[in-house]
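Q: In case you want the letters, here they are:
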Amino acid sequence: MTEHLPALQVVIPLLCAPICMLVRYRDWSWVVALFGSWASLAIAWVLLQQVIATGTISYHMGNWAPPLGIEYRIDLVNAFVLLIVSAIAAVVTPYARESLRTEFGSNRIYMFYTAYMLCLCGLLGVTITGDAFNLFVFLEISSLSSYVLIAMGNDRRALTAAYQYLVLGTIGATFIVIGIGLLYAETGTLNMVDLAKRLADQPLSRTIGAAFGFLVVGISLKLALFPLHLWLPNAYTYAPSVVSAFLAATATKVAVYVLLRFLFTVFDVELSFGFMPLDTILFVLAVIAMFAASAVAIFQTNLKRMLAYSSVAQIGYMILGISFANVNGLAAGVLHLFNHALIKGGMFLALGCIFYRLATVNINDMAGMGRRMPWTMAAFVVGGLGLIGVPLTVGFISKWYLVLGALERDWWLAAALVLISSLLAVVYVWRVVEVAYLKPIPENATKIEDAPPAMLIPTWLLIGASIYYGINTELTVGVAKQAAQQLLGVS
Amino acid sequence: MSGGTAVAFAIGLPLFGTILILLNDRYPNIREGITITTSICLALVVFGLVPEVTSGGRPGFVLAEIVPGLPIAFKVEPLGMLFAMVASGLWVVTSIYAIGYMRSHHEVQQTRFYACFAIAISSAMGICFAGNMLTLFIFYEVLTISTYPLVTHSESKDAVKAGRTYLGILIGTSIAFLLLAIIWTWFLTGTLDFTPGGILKGKADGPILGILLFLYMYGIGKAALMPMHRWLPAAMVAPTPVSALLHAVAVVKAGVFTVLKVIVYIFGIDTLAGIGQDDWLMYIAAFTVIAASCVALTKDNLKARLAYSTVSQLSYIILGAALANSLGIIGGGMHIAMHAFGKITLFFCAGAILVASHKTEISEMDGLGRVMPFTFIFFLIGSLSVIGLPPLGGSWSKWYLMLSAAEAGQIIFMFVFMLSSLLNIAYLMPLVARGFFAEAKDNAKILKETHSEKVNFWNGIRIGNIREAPPFCIFAMAITSTGCILLFFYADKIYRLLAPVAGIQG
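So the protein sequences, as listed, match chains A and B.
First residue of the first sequence: 1, per the numbering used here; consecutive thereafter.
First residue of the second sequence: 1, per the numbering used here; consecutive thereafter.
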């Protein structure tokens, strides 16, 4: 049984999807989704422990040996990402039941869980697979289901947002498949390890260069790297709160992982950063993202949109870490995948709680919210401190390694930029704090209670974790550092 | 209680108090009782550590390892011991004062006030006892955030604006400069432990150390080195006990304390003196001393005047540290205590005047001394200590600072200290003079204004023509002004405590 865990990691959510469809009754389909996400978390945890204990796991799908058969290959990097994705799903699913009550028509709720399970399956599949084409297939599963999930938002603009994402996402996916096709044409294999081996033996050709370009651009679109982020703000703003939280914490993270995988495993550092000047390109784009997106976030009145722009900025930090191409920088990138997932997931869930009671997340309606929904707002503020990078939160740990990575590279300016850009986060977080805590409750406001425990507990789980892993970094830093060493091929 | 446990208690007690305070939201008397009890317990714990530290012990403990090789660790050394004594001792007095002030001024949200105050004290203890720069930084940031609700206490537009300045400068400098300096130090040396003699020696060449010094000094926004001083005058919108916390008990003292720690234990005074990269710092600090005093002269609002006075006095300590010799460190460390007692007395008086007569501008205070004699006498004592006249504590720290300037061969800074003392007289004495000697433009009006309310135990004292602040306030001011006098006679104790830090064999 345990040797089939890699397959089960993907198969369980995949099977849960049609079952959700079949049971139809909304609470039952919720139970199925709950089972699917919790089982995924358990499997991801066991896999991570196995990888830590025994090293990389290679699983041959249907016993077909690679490179012809599909290989699921789990090393520290993707074991960690699997854990992030499934942990977020496991926290978000219990929250979804209550939250969807107000945000989504109840007679079609089983469809939501179906799409949700498919999306989870796709994201886990992208992460776990060692086969480039298989990766593309799972990427499409996750993308298509996330278009559906976003379109389920009860604002009509959700439809255009989903459509916009559909168009851009498809372009990105096409780029990726072209890149993979070119690689196949050049090397005759799709298995990533095999690809890496054959690419290393071959002289650099124009085809490989083109494949590299297509892949990087396509993946950058999926991970919303500035200036390819245009789909993201609308999608996160108009999607149901659960979906915003889930996608913000997982989808872009998985795309960052794919970028890491291609840059460091398939192509190697020499090609990615030596032959191609990708470090400079990524560095510049990341810095622009950090500043421009944060600056735009300051002027948003819709808090979900504000968090969406903040996400673009935070992705900038991850990419910045990658652009350093050294252990500390890369570790910071991997670490921030995890840390940002906790922070942003928790903050979107907090906004979901507010939406549940107020049916709006506009900053002008937040006056006195610190007193009207104390627990929810407190969660939002603690999450915000994490975004700023205040010590004792996970954000601080990410910044620490990011700056170390910059110093190691002798990029003093980059180190200063990282810290200065976090001051923009102070501005957009504190704007909310001022309104919520220092403005009186409007006189015509109805009396509301804080969000129900079914929503508050998941929110605080993520926010609490963002504190816990800011103090006890043994797991996160340990794994991230080793993962970075694995990616760079140093030890 | 062993030393390590005592340190843990010192940090944990105020936090425990915070919880109890929050739980007793509805029972003001119990809530204030808890505040006072906690503060007294804390003071006992802190003072209990003194014998061990004086005899050369360095108790401490390790809490958790945040980054591999870099734990949250605590270790008591003399400078921190001194600051902890000042902070914990003055917390008791401030709590007593706050009861009188907050009740008679009918402040809102008092539970939040007492709770945040306790958290701020806990983080101040963390700063005092931090064993490495990271730990200090963590508590430094907690202190900033926990005092934000205190600064914006009134929730008015002005308070929100002040809060922005406060948070903007303190968080901004600490993240952009201080954190960068800390990570850079870690990158260069692989350690952040506070080590006698410094850790940067031989790890980097002069110019880099110069840049680091710049980053540290401007990163420690709480030390209010010009031009990063704006937050301090802005924060005067807060209630008076908060001003006491900011100006005397914890916040600015945490700033200059960090400056001393960085110079003594990160750079090392010998290293700093050797590389000669700190001239600019001396001149900026001297400029701040003089300029802030001059600005204080122009302020009619009493709290604003005192705020600029604090900016000026803080730079005494920075200047002492920048002179980079033993006497400078001793003078600077001593000035933390001396200025704390003097300035807290002055702020208490400003608050007492506000509570009893609702006056904030100095020009309106003609003849008020005869209505509030106690307050004005305490103000006189506090002023004389800040000016530095014997037999008051402030004279000793100035003495050592001037000696330090002489030893460093920087005669110009002796003149700076003297000039500043004259300016102190010029901006503090007029209030006393006006209060006692100036003829009120409308004496009857003052009496009418100050005697219009019903007086009870909680909001004031009235005996004949005397209309004073509440007994709790008077009591607190009496303690601090007595402290100013006592410190004059016990300064040698501080000298002996600090001697090992400055490298003098006791």
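Derived by calculation from the structure, the hints in this document are not laboratory data.
Among these hints, one or two may not hold up.
In the DSS-like style, the derived pairs of lysine-lysine whose C-alpha atoms are separated by at most 30 Å in a straight line are [to be verified]: (1) B/203 - B/359; (2) B/359 - B/161; (3) A/447 - A/197; (4) B/359 - B/75; (5) A/447 - B/157; (6) B/75 - B/161; (7) B/359 - B/493; (8) B/299 - B/157; (9) B/157 - B/75; (10) B/201 - A/439; (11) A/481 - B/493; (12) A/439 - B/161; (13) B/203 - B/299; (14) A/439 - B/359; (15) A/447 - B/203.
Q: Now tell me if each hint is right for this structure.
A: Hints and how they fare:
1. B/203 - B/359: violated, 55 Å
2. B/359 - B/161: holds, 23 Å
3. A/447 - A/197: violated, 65 Å
4. B/359 - B/75: violated, 45 Å
5. A/447 - B/157: OK: residue 447 of chain A and residue 157 of chain B at ~25 Å, within 30 Å.
6. B/75 - B/161: violated, 38 Å
7. B/359 - B/493: violated, 39 Å
8. B/299 - B/157: holds, 22 Å
9. B/157 - B/75: The given pair, whose Cα atoms are some 42 Å apart, is violated under the 30 Å limit.
10. B/201 - A/439: Between residue 201 of chain B and residue 439 of chain A the Cα gap is close to 51 Å, so the pair fails against 30 Å, i.e. violated.
11. A/481 - B/493: It is violated: about 50 Å lies between the C-alpha atoms, which goes past 30 Å.
12. A/439 - B/161: holds, 13 Å
13. B/203 - B/299: violated, 46 Å
14. A/439 - B/359: The hint holds at about 27 Å.
15. A/447 - B/203: violated, 61 Å
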